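Asks: Residue numbers (the numbering used here), protein chains in the order written: chain Z, 583 to 937; chain U, 221 to 548; chain S, 4 to 527.
One or more of the hints may lead you astray.
Over the 10 Å line for every Cβ pair with chain Z, so calculated as not near, a few chain U residues [said to hold, decoys possible]:
#: 1; residue: L231
#: 2; residue: V379
#: 3; residue: E438
#: 4; residue: G447
Okay, the calculated beta carbon distance ranges per label pair [unchecked claim]:
#: 5; chain 1: Z; residue 1: T799; chain 2: U; residue 2: V501; range: 44 to 50 Å
#: 6; chain 1: U; residue 1: V383; chain 2: S; residue 2: D229; range: 45 to 51 Å
#: 7; chain 1: S; residue 1: A160; chain 2: U; residue 2: S336; range: 51 to 57 Å
#: 8; chain 1: S; residue 1: E501; chain 2: U; residue 2: L540; range: 33 to 39 Å
#: 9; chain 1: Z; residue 1: V693; chain 2: U; residue 2: L540; range: 56 to 62 Å
#: 10; chain 1: S; residue 1: D444; chain 2: U; residue 2: L540; range: 52 to 58 Å
#: 11; chain 1: S; residue 1: Q238; chain 2: U; residue 2: V383; range: 49 to 55 Å
#: 12; chain 1: Z; residue 1: R824; chain 2: U; residue 2: A498; range: 33 to 39 Å
#: 13; chain 1: Z; residue 1: S900; chain 2: U; residue 2: A342; range: 55 to 61 Å
#: 14; chain 1: S; residue 1: S338; chain 2: Z; residue 2: P752; range: 52 to 58 Å
#: 15; chain 1: U; residue 1: G225; chain 2: S; residue 2: D157; range: 21 to 27 Å
#: 16; chain 1: U; residue 1: V284; chain 2: S; residue 2: I37; range: 36 to 42 Å
#: 17; chain 1: Z; residue 1: A850; chain 2: U; residue 2: S336; range: 35 to 41 Å
Derived from the structure by calculation, the hints contain no laboratory data. Predicted, not measured: the structure shown is a model, and the values here were computed from it. Yeah, the Cβ is synthetic: ideal placement off N, Cα and C, and Gly gets one too.
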Amino acid sequence: MSSIDVSVTPRGEVPIWFDRGMPVFAVLSALAAGAIVIELTGGETAQFYSLMFLEPLTRFSSQTLVLLRTVPLVLTALAVYIPLRAGLYNIGAEGQFYVGAITATVIALNVSVPGVLFIPVILLTSALGGVVWGSIPGYFRARFGANEIITSLLLVFVATGINEYLLTGPLQSGAGYPASDLIPEAARLPVIADTRIHIGVFIALAVVVIIYATIRTTTIGFQIRSVGANPVSSRIQGIRSRYVYIAVFAIAGGIAGLAGAIELSTSARLQSDISPGYGFTAIPIALLGRRSAFHVLVAALFFGLLFAGSTGVSVETSISPSIVSVIEALIILFYIVGEGLRSYQISISQQGGRA
Amino acid sequence: MSDPGFLTLLLDAAVPAAAPLLLASLGGIVSERSGVVNLGVEGIMLIGALSGFAVTVVTGNPYVGLVAAALAGLGISLVHAVLCISLKANQIITGIMIFLLGVAVTNFLGGSWTDSTIDGLAPVTIPVVGNTLTQIPVVGPAVFSNSVIDYAAFLLVPVLWYVLEKTETGMKITAVGDNPEAADTMGINVSRLRYACVLSGGALAGVAGAQISISFAEVWVPGIVAGRGWIAVALVIFAQWSPSRAVLGAVLFGGLEAFAIRSQQLNITRAVGADGAAADVISVLAEPTIVSLYPYIVTTIVLVYAAARTEGGAAPKALLDSYVRGEG
Amino acid sequence: MSKYKDTESGDIETDSDRDQIELRNITKTFPGGIVANDEISLTLRRGNVHALLGENGAGKSTLMKSMYGLYTPDSGEIRVNDETVDLAGPSDAKRLGIGMVHQHFQLIERLSVAENVLLSIPDEFRDSITDLSDVKTQLTDLIDQYGFSITPTDTVAELDVGQQQQVEILKSVITRSEYLVLDEPTAALSPSGIDELLSTLRELVAKGYGVLIVTHKLEEAMSVADRVTVLRDGQRIDTVSTEETSVDDVAEKMVGNSIRNDNLRTDTSPDADSDATDPVLRVEDVCLRSASRSCNLNHVNLELYPGEIVGLAGISGNGRTELVDCLTGVKEPESGLIELNGHDVTYSHPGRRVDNGMSYIPEDRVTHGCAPELSVTMNIGKKYYKLLSKRGILNWTKLTERARDIVDQFDVRTGGVDSKAESLSGGNMQKMIVGRELDCDPDMIVANNPTRGIDISAEEFVQQKLVEMRQDGVGVLFVSDDVDEILQMSDRILTMYEGEITHRTDTQSADIDTISDCMTGNVS
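Next comes chain Z alone, as it looks inside the complex:
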């Protein structure tokens, strides 16, 4: 019997272009694979990709949409990115986002705060809601060693379930579908001139800069990087990883909660699908941008483009917009393949089998 022999040996030096080019490789491969999927399901690949990437860039309304989509994406992606730097996986950003959106809605509809303070109060309380929600998996991990991946994900179901309950119960409006009342004008983020672009764009940019600076130049950032690289040795050298674990999840929850509050200004009311899966798309974004918060921003812009483009796609073709999430998953797939090629030398040879 002859067999295919695949030998995998650790690679020594990695060329720098390979290292840096890997995310691009992942994206291009995923788009190529996506094209195959589209062809197989009877779609027009060329039309699809031009609708996806060219159209949004040519019309101002679409460019606006790209920016508005990028805001929740970059924020939830940072909520994945920060724990990732500490070696933890937050796949519950979606839930933290919902908690932020719910908090913002409740405050916006029920509390009256004078003028200029209204919006800061809403943003702050919803971030706080996210902090509380996000800290749960972090605390359970730090204190009991409970797997943060599973707990953060399970809490997504709880958060969206509570949202569902509120929208069909206490917060229900007369909209005829599960949604809250429109939030008052005073509770919405101010927009720039006559566009739909609100100041959430700048808030998101500010958060990117703050997180970048936090990771690079603060003691907590130093601790996060250190624990992420080697939790055992960090502990021995005196870094308290438990606090780091709780802190990264608290920060993550806060940012995702903030994203929820900002998104409420975009959609004007709480709906059961206020997030089309931002918190999950955040995962490939954070992986592609794991080098720094600015890399996260770049990756988020790309996905913002994908999201905006998919709207046009669903209008003008028969291709389901959920192709976008297929491409997302494929990007992670090729990212993993790229990582494998980066770390290991793989050679395949045919050889006579041994008895």
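Once you've looked at the hints, dock chains U and S against the given chain Z.
Replies: For chains U and S alone, coordinates are given in the frame of chain Z:
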């Protein structure tokens, strides 16, 4: 309880609700005992649920659907196996990818199947004595009137226990899951065995998904698995990698789910006899949408409890480790 | 090819080539250009004990792994029973009758003795041994023959080190191997365990086995082997018959011309003052009951004063690691008191020990000592980032300066402080860690095997630096596998056996035989 038949109904619903959790967590146990975590169970179950359903619609035969689901689960877990075992990829990231891929693919391809109807797997009783057995009060219908796949799920438990604990294959799985280097020096083909375990686990997860779409619910909607895959991943830890304890967990969570379904027929607030503020709280907690969240909350609590209680003695020692010969 | 010929070792072959393993000119180079084996030849005959002797890093393990199919040599030839063979894996070696007892036992602890043995039996032998009950029957026989102290149904996790070694030997014996390779077989054994092993080896040779023991222990090699092959720096120095040579002769071959300083301390020790000052570290009645097989600590007491080096000797598995773990906060003791500069830190996080002046050089530099994928600056910075920050903001300029300073001062060869720690060689990585731990002005240092696995110059450098710390009034707890090193370095020596400190002595009045006896429990 106000309704005399409630317990009977609850148990009757608990068994089919437990079956997919049981199948998926048994699959997880097989995979993890060999040292490979598969966090993508939810995604694999979705793929199994859709492919099983679609094939049943096309062929009209739910058994063909089950086979298709097993193959689909096997196929998608092959991706996990190639990446984690051959490419030595990070098992966690790969698992999350499989989860997202499963969700995405079934959303993308599943839209058109939501209107289809099927004749799913009907409950069957044991020949000759079956009808008598189902007359047994309270537990009769629950235990002796189920679909074939539900019986199979529970019968798989002793089978799997025997294979893992008593056969040489089981010993080898323990070996590669605990100490792949030693297993390699003993002449065991670490990769091949891990492939086999990941693929069997994937096939079981696929069948678990199909149980939901062609036996339990007899319908397909995107996201139908609704976190059961993640609960199954948690159950593996709760069960401490032992098939027999997985039954306990699956029945517990199946019961919880059944309770969520059946509780709609109860007026819990009145049953408890509370009034005032307490009544308000209870009535919120008894809302069907809220009750349906209990499995997730209880799973979280149970997971924390299991983590706090154990020091990982039962966990396969080489879990998450890719094995590269000559390293370390 | 002629059947009888001169081998590399110069012996005239008298035995039949059919009953021997011959390694010819084996060369193995690792990435990074390290030549682990340079044209090494060796012949192992049946009915003989052959010792492969050399210091750590001499290339013994590499050669042994080539012989067992775990490595493929770059060049050279392996001949078994007069046939050239190509060993692609351990199963090939097994089929050819080569059995192996690894230093780190290759056992599945969760499984029983019989199950472990069953799994290791190659397919070719599965005609005669088909299932677990066959294995049990045969094992019962063999255990009896060799006088082992285990039963086939014991779970491996519950066996002691010597018994686990017996399982390893049984794995080879049951398939009627002709050759048995043992890697550092006495490293973890108690004296009675060693006696038992030696009698087992004699039994094996009598049954016609060719036995190769791989060891760095000279006396042991000389006492059990018929012939000894000495390796140094990847090269074969000589192969000699033990009857025709002396221990001194072999010793010189083993270490080359490097003669070690007898005592590194320039004896200006402030010993006399030790009553006046308080100990920097006080350990009182520390007990630890640990899970599974690792050692318990039984009422350990010790005091470490400023300006002294206290050596901690002991064979691994006797509580040294556990004690160090408790002192440094990696593990929590069950009871007792650990006081650092007068502060009770018994149950504190390692961070509080750092704050109170403890530095720690861990045994395993890659997993415990540093984060290989981070830069040198960050690895060094772990000890300094807090000092060099204001209100939570790091001062990177100062941090980088500090790292450069330490790199210079401790002679760490790097591609710059921004390069990753993993790019450093073992010795340089160790110097980086030592620099980090020493330059922060500690009151005391726990150094656990700080010179293990590094080259001679780095070793001397590290030793020198620790002695300098002592001169500066720092207390050093020096843990080492190497008793000679402990004797060289220490003012006082403590010896651990089975979780207790069984012997305490000043180095001046120390007697190496007594210490060795105490280490192995050979004392009443």
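Asks: Determine for every hint whether it applies to the structure shown.
Replies: Structure-based check of each hint:
no., hint, verdict
1, L231, "holds, 25 Å"
2, V379, "holds, 27 Å"
3, E438, "holds, 23 Å"
4, G447, "violated, 5 Å"
5, Z/T799 to U/V501: 44 to 50 Å, "holds, 47 Å"
6, U/V383 to S/D229: 45 to 51 Å, "holds, 48 Å"
7, S/A160 to U/S336: 51 to 57 Å, "holds, 54 Å"
8, S/E501 to U/L540: 33 to 39 Å, "holds, 34 Å"
9, Z/V693 to U/L540: 56 to 62 Å, "violated, 46 Å"
10, S/D444 to U/L540: 52 to 58 Å, "violated, 39 Å"
11, S/Q238 to U/V383: 49 to 55 Å, "holds, 51 Å"
12, Z/R824 to U/A498: 33 to 39 Å, "holds, 37 Å"
13, Z/S900 to U/A342: 55 to 61 Å, "violated, 36 Å"
14, S/S338 to Z/P752: 52 to 58 Å, "holds, 55 Å"
15, U/G225 to S/D157: 21 to 27 Å, "violated, 54 Å"
16, U/V284 to S/I37: 36 to 42 Å, "violated, 59 Å"
17, Z/A850 to U/S336: 35 to 41 Å, "holds, 36 Å"
Consistency with the previously given hints fails for numbers 4, 9, 10, 13, 15, 16, ordered from lowest to highest.
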